[in-house]
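J.: Chains as they are written, first to last, in our numbering: chain A, 8 to 123; chain B, 35 to 149.
Everything labelled a hint here was simulated from the structure, so no lab data went into it. Model, not experiment: these values are computed from the prediction. By construction, the Cβ of each residue, glycine as well, lies at the ideal position given by its N, Cα and C atoms. Treat each hint with caution, since some may be false.
Examples of chain A residues toward chain B, derived with CB under 7 Å [claimed, not checked]:
1) L51
2) S96
3) I100
4) P104
5) P111
6) F114
7) G115
8) D116
9) G117
Mimicking BS3-like on lysine-lysine, the simulated pairs with C-alpha atoms at most 25 Å apart in a straight line are [unchecked claim]:
10) A:K27 / A:K71
11) B:K92 / B:K103
12) B:K136 / A:K71
13) A:K73 / B:K136
14) A:K21 / A:K62
15) B:K111 / A:K48
16) B:K56 / B:K103
17) B:K56 / A:K48
18) A:K48 / B:K103
19) B:K136 / B:K83
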Amino acid sequence: GAVVSQHPSRVICKSGTSVKIECRSLDFQATTMFWYRQFPKQSLMLMATSNEGSKATYEQGVEKDKFLINHASLTLSTLTVTSAHPEDSSFYICSAPLWGSNQPQHFGDGTRLSIL
Amino acid sequence: AQSVAQPEDQVNVAEGNPLTVKCTYSVSGNPYLFWYVQYPNRGLQFLLKYITGDNLVKGSYGFEAEFNKSQTSFHLKKPSALVSDSALYFCAVRDGGANTDKLIFGTGTRLQVFP
Chain A
8 GAVVSQHPSR
18 VICKSGTSVK
28 IECRSLDFQA
38 TTMFWYRQFP
48 KQSLMLMATS
58 NEGSKATYEQ
68 GVEKDKFLIN
78 HASLTLSTLT
88 VTSAHPEDSS
98 FYICSAPLWG
108 SNQPQHFGDG
118 TRLSIL
Chain B
35 AQSVAQPEDQ
45 VNVAEGNPLT
55 VKCTYSVSGN
65 PYLFWYVQYP
75 NRGLQFLLKY
85 ITGDNLVKGS
95 YGFEAEFNKS
105 QTSFHLKKPS
115 ALVSDSALYF
125 CAVRDGGANT
135 DKLIFGTGTR
145 LQVFP
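Based on the provided sequences and hints, a complete structural model is requested.
T.: Below, the structure written as structure tokens:
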């Protein structure tokens with residue numbers, strides 16, 4: 008079945024470091040991917056919609072310069088957390104819908120980001 | 035704006051008993067509703083969806099959900115709970131019209147099944 012691979016699964020780094028998270032659709036093409044952030048014991052907050060070949064669409068309140076999104080191919084989207092600080096520590100999840108209306112989204116396994 | 039509400043933060047049920055996880059929705063137009071499950075430190079797994087057709091939707095792992103238009107509800111159910119069903123469950127509605135895949139998630143309900 009359709010699979011979305013997210014890498015790395017866990018990152019621990021120092022404050023000020025930039026961290027890149029990759030999201031790949033393994034056996035299907037995704038012109039759109041979504042990036043979510045999940046705080047402990049809370050729901051998923053949509054951060055942005057990643058669009059292949061064009062700029063990402065950010066949700067209100069999400070800093071574009073802080074969370075850089077690149078969707079250079081039909082199977083890969085990346086989220087870069089620039090100059091990360093402890094408040095950026097969170098669980099980040101990507102998803103991609105299968106082609107066709109009303110198809111469910113398939114989610115990566117998430118990335119646990121811990122900034123010291 | 036589209037929204038879903040999950041009124042229960044946690045649901046506790048004994049193994050073998052039926053379970054229900056509640057979800058109500060608010061949409062303009064036709065609702066496109068989904069249930070997902072999340073295990074610890076994992077992404078979400080799709081369980082089932084309602085787009086149109088029969089109000090009772092059957093999904094993965096023995097789960098089903100009943101779409102009730104008059105009550106604007108889409109409760110998740112299973113006739114006999116398993117300990118392995120313990121996880122976080124999210125109800126979601128598709129945001130916008132037919133040309134968007136954005137999902138709006140509920141706050142989640144933690145299901146705890148006791149042996």
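J.: Decide, hint by hint, whether the structure agrees.
T.: Quick rundown of the hints versus the structure:
| no. | hint | verdict |
| --- | --- | --- |
| 1 | L51 | holds, 5 Å |
| 2 | S96 | violated, 14 Å |
| 3 | I100 | holds, 5 Å |
| 4 | P104 | holds, 4 Å |
| 5 | P111 | holds, 4 Å |
| 6 | F114 | holds, 3 Å |
| 7 | G115 | holds, 5 Å |
| 8 | D116 | holds, 5 Å |
| 9 | G117 | holds, 5 Å |
| 10 | A:K27 / A:K71 | holds, 15 Å |
| 11 | B:K92 / B:K103 | holds, 17 Å |
| 12 | B:K136 / A:K71 | holds, 19 Å |
| 13 | A:K73 / B:K136 | holds, 22 Å |
| 14 | A:K21 / A:K62 | violated, 29 Å |
| 15 | B:K111 / A:K48 | holds, 22 Å |
| 16 | B:K56 / B:K103 | holds, 14 Å |
| 17 | B:K56 / A:K48 | holds, 18 Å |
| 18 | A:K48 / B:K103 | violated, 30 Å |
| 19 | B:K136 / B:K83 | holds, 14 Å |
Hints 2, 14, 18 from the earlier list are contradicted by this structure; the remaining hints agree with it.
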